[in-house]
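Participant: Got chain A sorted already, so can you dock chains B, C, D, E and F onto it with the hints?
Protein chains: 6
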Amino acid sequence: MKKVVGFGDFLLRLNPEGYLRFSQADRMMTYYTGAEANVCVSLSTMGVKTEFVTRVPDNDIARAGLMQLRKYGVDVEHVVFGGERLGLFYVEKGASQRPSKVIYDRKYTSIATAKPADFCWDVLLQDAGWLHITGITPALGEHLPEICLEAMRTAREQGVAVSCDLNYRKKLWTSQQAGSVMGEILKYVDVLVANEEDCAKVLGICAPDTDVEAGKLSREGYISVARQVCQRFPNLRAVAITLRGSISASDNDWAAMLYTQGEAHFSRQYHVHIVDRVGGGDSFAAGLIYAMGHGFDAQRSIEFAAAASCLKHSMEQDYNLATVEEVLTLMDGDGSGRVQR
Amino acid sequence: MKKVVGFGDFLLRLNPEGYLRFSQADRMMTYYTGAEANVCVSLSTMGVKTEFVTRVPDNDIARAGLMQLRKYGVDVEHVVFGGERLGLFYVEKGASQRPSKVIYDRKYTSIATAKPADFCWDVLLQDAGWLHITGITPALGEHLPEICLEAMRTAREQGVAVSCDLNYRKKLWTSQQAGSVMGEILKYVDVLVANEEDCAKVLGICAPDTDVEAGKLSREGYISVARQVCQRFPNLRAVAITLRGSISASDNDWAAMLYTQGEAHFSRQYHVHIVDRVGGGDSFAAGLIYAMGHGFDAQRSIEFAAAASCLKHSMEQDYNLATVEEVLTLMDGDGSGRVQR
Amino acid sequence: MKKVVGFGDFLLRLNPEGYLRFSQADRMMTYYTGAEANVCVSLSTMGVKTEFVTRVPDNDIARAGLMQLRKYGVDVEHVVFGGERLGLFYVEKGASQRPSKVIYDRKYTSIATAKPADFCWDVLLQDAGWLHITGITPALGEHLPEICLEAMRTAREQGVAVSCDLNYRKKLWTSQQAGSVMGEILKYVDVLVANEEDCAKVLGICAPDTDVEAGKLSREGYISVARQVCQRFPNLRAVAITLRGSISASDNDWAAMLYTQGEAHFSRQYHVHIVDRVGGGDSFAAGLIYAMGHGFDAQRSIEFAAAASCLKHSMEQDYNLATVEEVLTLMDGDGSGRVQR
Amino acid sequence: MKKVVGFGDFLLRLNPEGYLRFSQADRMMTYYTGAEANVCVSLSTMGVKTEFVTRVPDNDIARAGLMQLRKYGVDVEHVVFGGERLGLFYVEKGASQRPSKVIYDRKYTSIATAKPADFCWDVLLQDAGWLHITGITPALGEHLPEICLEAMRTAREQGVAVSCDLNYRKKLWTSQQAGSVMGEILKYVDVLVANEEDCAKVLGICAPDTDVEAGKLSREGYISVARQVCQRFPNLRAVAITLRGSISASDNDWAAMLYTQGEAHFSRQYHVHIVDRVGGGDSFAAGLIYAMGHGFDAQRSIEFAAAASCLKHSMEQDYNLATVEEVLTLMDGDGSGRVQR
Amino acid sequence: MKKVVGFGDFLLRLNPEGYLRFSQADRMMTYYTGAEANVCVSLSTMGVKTEFVTRVPDNDIARAGLMQLRKYGVDVEHVVFGGERLGLFYVEKGASQRPSKVIYDRKYTSIATAKPADFCWDVLLQDAGWLHITGITPALGEHLPEICLEAMRTAREQGVAVSCDLNYRKKLWTSQQAGSVMGEILKYVDVLVANEEDCAKVLGICAPDTDVEAGKLSREGYISVARQVCQRFPNLRAVAITLRGSISASDNDWAAMLYTQGEAHFSRQYHVHIVDRVGGGDSFAAGLIYAMGHGFDAQRSIEFAAAASCLKHSMEQDYNLATVEEVLTLMDGDGSGRVQR
Amino acid sequence: MKKVVGFGDFLLRLNPEGYLRFSQADRMMTYYTGAEANVCVSLSTMGVKTEFVTRVPDNDIARAGLMQLRKYGVDVEHVVFGGERLGLFYVEKGASQRPSKVIYDRKYTSIATAKPADFCWDVLLQDAGWLHITGITPALGEHLPEICLEAMRTAREQGVAVSCDLNYRKKLWTSQQAGSVMGEILKYVDVLVANEEDCAKVLGICAPDTDVEAGKLSREGYISVARQVCQRFPNLRAVAITLRGSISASDNDWAAMLYTQGEAHFSRQYHVHIVDRVGGGDSFAAGLIYAMGHGFDAQRSIEFAAAASCLKHSMEQDYNLATVEEVLTLMDGDGSGRVQR
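Protein chains in written order, with my numbering: chain A, 115 to 455; chain B, 115 to 455; chain C, 115 to 455; chain D, 115 to 455; chain E, 115 to 455; chain F, 115 to 455.
What the hints contain is simulated information worked out from the structure, not anything from laboratory work.
Note that the structure is predicted; figures quoted are calculated from it, not measured.
Don't take every hint at face value.
No copy is singled out in the list; a pair is fine if it fits within one copy or between any two copies.
Calculated cross-link-like contacts (lysine-lysine; reagent style DSSO-like; alpha-carbon spacing at most 30 Å) [said to hold, decoys possible]:
1) K215 <-> K163
2) K116 <-> K285
3) K229 <-> K117
4) K284 <-> K116
5) K285 <-> K163
6) K315 <-> K215
7) K284 <-> K221
8) K221 <-> K315
9) K229 <-> K284
10) K315 <-> K185
11) K185 <-> K284
12) K301 <-> K185
13) K301 <-> K116
14) K315 <-> K116
15) K163 <-> K315
16) K221 <-> K116
17) K215 <-> K301
18) K301 <-> K229
19) K229 <-> K185
Chain A with its partners taken away, still in its complex shape (with noise of 0.2 Å):
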């Protein structure tokens, strides 16, 4: 397929060794990732070819970063330099009963005082054969909105698919502001991603009866808000929804639904042991626009993506590193984790 271009936020990943709790920690892991940037590492471990465009600043430690993301074979060629700061986060492992914390420090970064001017989309989409953004990257400063618009506007006009994963972030904007700005954006869109929270919270859309906390949505409320946002973006091509069933922090059961042409497939649950679930939606992202870029059925792409973000939830840090070969060997498998030699 053609390549892949993913617009968002590139942030530096800060966290303890194993299972300390950030006052227990003297040294931090350090990763550099972000929700397109994680989507491109998978895709092009996946061997698509890939380009990730953001806004850092000229300093040592963006530059790792970006040599982070040229080590995975995602093209930085086009990243704008300018602004004052990397974002950062900072990420405590949970386990068994206590959850994983997050603290963001993704304030005033190069990408959030990015302007208009800073991206030819033109030039940026050249080659392109699909773009994907998350809703974080709108949520990221005054321009955003309109930058993604253009962005996507660029696309349709050059025949570049538009993926979006819904990702609403309540600390970066609130519900009315995403549900504003995201429904501009969605029209623009082929296929759009979500969680069980993401279409009730930015798109107020909601099955009867449902308990989203729990997670307890039933297979027909999760039938039902793809129906309803098909309905409202007629321009959607498919709507993928996953199936989180949090079982602890160390236990999930994981899941997933392609709703296309009036059709809802749901794939295979997996049980996971979970390693490190950051960056879990992301790899579904990469997984379904890999399924549906190479022509798979509707079934076998959500098989696809569920079983590539199945087998991230084993790997430390927020990138999927799975291949092609191990996502088919386990969606056509067993999962039984045998000894590969």
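Facilitator: What follows is chains B, C, D, E and F alone, placed relative to chain A:
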């Protein structure tokens, strides 16, 4: 609530990284702990003023230990310097069917050779509202029973509540010795904490049809034990018993019972996937002291204590670094371990 | 029991810390292992005198490896120095649905280029009571089948018992090659160890209605396989088959069967939460050798071997560092993993 | 001596292990520092009562930082919570001809957005005998000059001695801005600390024939600078200038001069083999405050300050953890570094 | 300047942490290096477009290595997959009087078994302006001399400049073999780099009165050697010789000479306190290529190359991660290693 | 040469990583050492058969320590199990002007409470050719002088050579006690090793005009001391004195003198850049035993011992892991630390 004073042993804890056995390790993690110190740290993390009293040698290792307590907000102003050594213990963390292993080296320590004149309880308990010791402290050295009793008598005189965790350690003394000394000490105790085996080993109080080793005490059995204890020590306001179901070194069931005013209150049961279970009992005692010191009713008290110690199992080290908010979220919520952003 | 001699490959094992993938690691843990060396270490830890025979290059890395064996009590006095390189393999530890990955780099090694004249079996087996090899050893190089057969003939002459773990490795040779060579070797073997696939791949012996990949062999199937093997090789005193149920890379069921004197004995089944499963089979062989070498009856022998290898899964590295006492405690106890203070 | 209060920035320091460059690191050491906080830690380690005043966001990272100060005995009771972020900086440790590199990310922090009303200096200086700030603090944000001046006026009113380390940071403000603000602040200062460049850049005071960059100021030059400073600010009781001779990033010469009552006193010069030089100036200020606060004469004061900061260079982190005894041993001894058993 | 292509070996480097000896280490740092790969990384860090050509096995370890090159900006698009193994070497870092130790395991590797047909030099050199190899490459395997010569002939045809670092390795071939092969190769070389011993061992060219081992070649001796080399290979545009003065494993003197157009130019001499000296020669070659490729005059070229490699000695790993700005700062400055804030 | 037996203390050594102070460390490196054990490890590394005799508690920590000795080839077959604890000590590594700090916790250990009946010297010295102890051993406990004397008398009876390192430790006993006990022991000693202070403190033997603290003993002074010692103990075959010049905690001068048959032989002097100097004296004793045991002449003996201990300073831990070849290379070479490929 007023200041809680803990009095007891203070040791360097050494453990290999991860699941390495002693012979495989070329470095060990170093923490400074002790049953009552752990209680102080947990309470301090919950916002309670605490002070820890012990006796340590005048060297940089002991000082590093006191600094660690100070870091977590525990006052160590009245720690006595003297004697020759800081005790220590080695922990080899178990997994699955392999049990954790603990090797103690706690003889001839500064606390073990303490004399009554080392501690001026009038001063030490001046601003205190609560005194906590465990059954380990009087077992440490020749003069410790006397010192503990003096502490407790002073507490009674000054209206300071007293809690005691039976904590029987067969390597420190025999059942007979423990029974004789603890029988005296318990006369001054308001709140007693015990695990499944302590009451049988120290007080000779069992339920009918009990197989303690197998942890197969029935609900009725626990109530019977608590009732007998309260009959023998009518000064006891409450008896709390922790109920650990050891599935393996990696997975435990965990619950607790509070017996007070002739009624038994059982907490919800948690299935914990263990990060480090050392300090589990101490975190329970701290949770109980917090709840009772803040006037929680019996049911919420035992729920709070059980939830607090449930969270402890998800943390490295002996300390429970759960905040009041985290404990309440667990006891009032679903323990699903969702990421907190 | 008398000295056990192991003969086989010796490799440097490299694996990233924790659950990092190869591309994420900037350091790797280094151990020195090998199927037969692992058996020696386990037996040595159980108090049995052992010696390991191999051929390694004359350099500091090989010497560091031998030092590690010596640390665990394995005699390496007769290791032959020569050749050009020590083999190595890389292990990426899997988790949940992601399988562990092993990359071998074991060609052209000192052992692979060994010649019959390198080993004087009369001397090597002088004080030995037992010789152990695996199906890996004859597959390593041109002269290895011959060397192995010479070892076994000498063993028979000197009244040394011989055990063999079939251990088929498809990257080293084909089923045909393995079948032909192992068919000769097995004529000298007293105790045969195999896992689910080995008998089918090497000896072409299957049970009716078997799906080896899925690990769905029935009890009857295992018995049938063992019976057929014993019929073909009447010299076999006993055939042991390990039964691994791969739930995921993190969780396995584990049990084993011993077939001897026409009777099948099944061990208890363990649910293991895996720390590191490499070396699981070797620890089973060691447990079995210990039990049979100490005259345990058939049922206790298979229980001992299964419990020993169950414990291995809870340890890092390939070595089983469980003592006899620890194994007995597990096989006679409840596996509840209570802390040992 | 009475309590010393420090007021200023508080940052998370991140640095790769050892001599790795930023792009090579996948983890960083994490400490919490700040010029005035470092002074407090050093004084506290020397047994002086200290308190650190700053403004930090209400999150677990900031709290972990305050815990670290508390560990080293610094009171943080009056730290103000508010604002959005904790500042941070990245340090890449240099060696030989490669200089250390520092990247700051300290804008928009809680302290930078502080308002005068956040600090009630009457209360904050109640039990204090000494107030210490650096030239970094007034440069941090819009209201900081005003806040600093208010602190100093209150100090003068309450008879609290004031020390100031010029500490010019060209990334925070221009020479002009610094000169104007510091010119006001210095009117309230009793003891001034400066390094070779500060006086020239901030106060425009140079010695004749100076090449500051090359560190080639003559003895007479230093005296001339100090004399001029004292003439402009007659309130100054003493001016101390540190004399660093940068041989390489691994080796420095280090000495200092104290100018007081019209006389210049030079310390002995040390050749230091550097472990970590960040915090060197702060440790000098702390040593000087200790010496002057304890009534040392001028020569012993500058010897003490120079020896204290010499020792700092042999320690990791920004903190000087040298005790008074260690400093005296060095200044009165031969610095031969014999093992202390 | 146009793209620089490097061709040669690619190996996994393993070294214990810090100064541990091999037998003390239970983990090793892992990097992926090679003489020509190092040159590419250094040039890429300086902003030059580079590509590295080699042959590696098709496995995750080799791919992790290529990812690391890609991270540092080196194009690896035309790396050939095939063969059985990636070479590796173990480094034990020396200190003071204890020399570093290197153990190679680089036989039978994918590059050693490469065939001429694996590399299509017309394509590989298409956009290149410079080709760099070392004397290691033709020594690696049977067909490597032929492959190298083909590369060089193609380079000459396409007007690509060629540099070669003699880099004699006595474990790979004899002086005779090296002399014969390199004698052919040097006919195509424009710029030759050599250290003190190479010219004597490979070309049999010595200065009168030389004691190479002791590094006591005089200025005149170096000039004499360079002159003789240029006389034998009149195609050489320039000969550069590095001058290492080994004081100890921790301290070296370092300088270099460039002989071109009949004139010798000596760089300034640096006293380096060593962090890691492996890769020192490669960083010199990279610096020289950069300088000559950018039209620096002879004196500035040799100063640039010497300063670049001086900085390399202050970095961990084989790579020189110095930027052009850093090199210029050193060569034009005083090397005093002041902190860069 | 025949087996060398060492007898003495055996301790766990704990030290923070790198140059961290005790209060900064959350993990410590763990090794198992002891003066005589170190001598055995060094000799074993040089190919000499060695056995170490001590008494340790019957627990996994002690066993891990013995495993480590076994790893380095030291026989521990006759180590006695009993008593309560393994001694330990904490090392904080110094740098530059900051001295290393050692905190001992070696009282009440298994060796300190040993009784004469624990050691059957007839058996222990059966195949031995040499017995080595230090002045630490008799200072450890009540019965140790007696045990040592019995060992030495047995040695004399069986024709076993005896060496002793005076090694005065003021924390273990007074000069008077040491003088009295060592005066007896030295009557049985053939080779005496001492550092600059030992002779004065233990034997009261000084040179005229000596300032021991400053290490300013003249050549003549050293000779005078050795001569006096030999006069008092005519049984001494040789007296070796190490000459450490402490420039700083990072840099030392190191040389030694051997006085034998009325002649003094001085070794070459080394300037050592220190990695870890603990164990420096032990490595010297080992080098001397090796040289004298292999019949080196006096000059080569002292050169060998000095070179061996010079190399020790470049290694982490207490052990000298230098081979005979490495020592000879240094003593016969230039110590330039060139890489050994």
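Participant: Please sort K315 with K116 into within, between, both or neither, judging by C-alpha distance up to 30 Å.
Facilitator: neither (33 Å within a copy, 43 Å between copies)
Participant: One pair to classify: K229 and K284, alpha carbons no more than 30 Å apart. Within, between, both, or neither?
Facilitator: For K229 and K284, both the intra-copy (23 Å) and inter-copy (27 Å) Cα distances are at most 30 Å.
Participant: Pop the pair K116 and K285 into one bin, within, between, both or neither, using alpha-carbon distances up to 30 Å.
Facilitator: neither (35 Å within a copy, 36 Å between copies)
Participant: Could you figure out if K315 and K185 sit no more than 30 Å apart (CA to CA) within one copy, between two copies, both or neither?
Facilitator: neither (36 Å within a copy, 39 Å between copies)
Participant: My question is about K215 and K301: at a cut-off of 30 Å on alpha-carbon distance, are they close within one copy, between copies, both, or neither?
Facilitator: Close neither inside one copy (34 Å) nor across copies (44 Å); limit 30 Å.
Participant: If the cutoff is 30 Å on CA atoms, where do K301 and K185 land: within, between, both or neither? Let me know, please.
Facilitator: neither (34 Å within a copy, 37 Å between copies)
Participant: Using 30 Å as the alpha-carbon threshold, which applies to K221 and K315: within, between, both, or neither?
Facilitator: For K221 and K315, only the intra-copy Cα distance (22 Å) is at most 30 Å; the inter-copy one is 32 Å.
Participant: For the identical chains here, do K285 and K163 meet the 30 Å Cα criterion within one copy, between copies, both, or neither?
Facilitator: neither (33 Å within a copy, 33 Å between copies)
Participant: Classify it for me, K315 with K215: is the Cα-Cα distance of at most 30 Å met within a copy, between copies, both or neither?
Facilitator: within (21 Å within a copy, 41 Å between copies)
Participant: Please sort K229 with K117 into within, between, both or neither, judging by C-alpha distance up to 30 Å.
Facilitator: within (25 Å within a copy, 34 Å between copies)
Participant: Are the CA atoms of K284 and K116 at most 30 Å apart within a copy, between copies, both, or neither?
Facilitator: neither (34 Å within a copy, 38 Å between copies)
Participant: Cα distance capped at 30 Å. Does K215 pair with K163 within a copy, between copies, both, or neither?
Facilitator: between (33 Å within a copy, 26 Å between copies)
Of the hints listed earlier, those the structure fails to meet are numbers 2, 4, 5, 10, 11, 12, 14, 15, 16, 17, in rising order.
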